[in-house]
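Line by line, the protein sequences give chains U and B.
The numbering used here applies: residue 32 is where the first sequence begins, and numbers increase by one.
The numbering used here applies: residue 32 is where the second sequence begins, and numbers increase by one.
I should point out that these hints are in silico values taken from the structure, not numbers from a laboratory.
Please note: incorrect hints may appear among the correct ones.
Repeated chains share a single entry, so a pair holds when one copy, or any two copies, can fit it.
What the hints assert, rightly or not - Below, computed lysine-lysine pairings styled on BS3-like, alpha-carbon distance capped at 30 Å:
1) K64 <-> K42
2) K112 <-> K85
3) K85 <-> K49
4) K64 <-> K112
5) K49 <-> K112
Protein chains: 2
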Amino acid sequence: MEQQLCPRFEKAMELISKRWVGLILFDLLEGPKRFSEMESDLPISGRLLSDRLKLLEKEGIVQRQIYSEFPVRVEYSLSEKGRALEPVIKEIQNWADAYITREEVEVKE
Amino acid sequence: MEQQLCPRFEKAMELISKRWVGLILFDLLEGPKRFSEMESDLPISGRLLSDRLKLLEKEGIVQRQIYSEFPVRVEYSLSEKGRALEPVIKEIQNWADAYITREEVEVKE
């Protein structure tokens, strides 16, 4: 086995490739969101969404803002490190628009 | 559950997020390679590499060229659709260089 090809790239790939991380980034690039908003935006369970947000928080990609209102309001947003992934998400979107056919998508629905 | 956020983006994300696809693209962006070269470049088993290459062939991202020499030579390369992923890989590399710390990588080794 060759010594790691590019350790930093591998680590970034591992993170971005985690199921639903791409979609969560896609959603948060629209701006800060409450948990319930993300839950209704995304086709994943609340528990899994909460796990992924904790992971992304630990990785410094997402930050959680607690507003001491009544009831308390919690908002998730991308940190600087998170927003820096926007070009990656944009390039994936460009590629998808150019190369993923309607049939490939309809078959899935 | 909200209707799919962006079906094409989701399908692209699903494909790129498959374990080792990012690294295989990274490797093939250097140019056509034989199976044995890829096997020694990448930290994955031959069987898994073969599975991933079959998937990428089916998706039209990788193409296989057979040279009728003796012994026969088989080379893998990126198709046009595959090469069009270069900006995605480049942006991931840029992000990784800027935001993945040395410690995060050393801890893994």
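Results for each hint:
no., hint, verdict
1, K64 <-> K42, "both (27 Å within a copy, 24 Å between copies)"
2, K112 <-> K85, "within (15 Å within a copy, 35 Å between copies)"
3, K85 <-> K49, "both (13 Å within a copy, 22 Å between copies)"
4, K64 <-> K112, "within (17 Å within a copy, 34 Å between copies)"
5, K49 <-> K112, "both (17 Å within a copy, 23 Å between copies)"
The structure meets every hint from the earlier list without exception.
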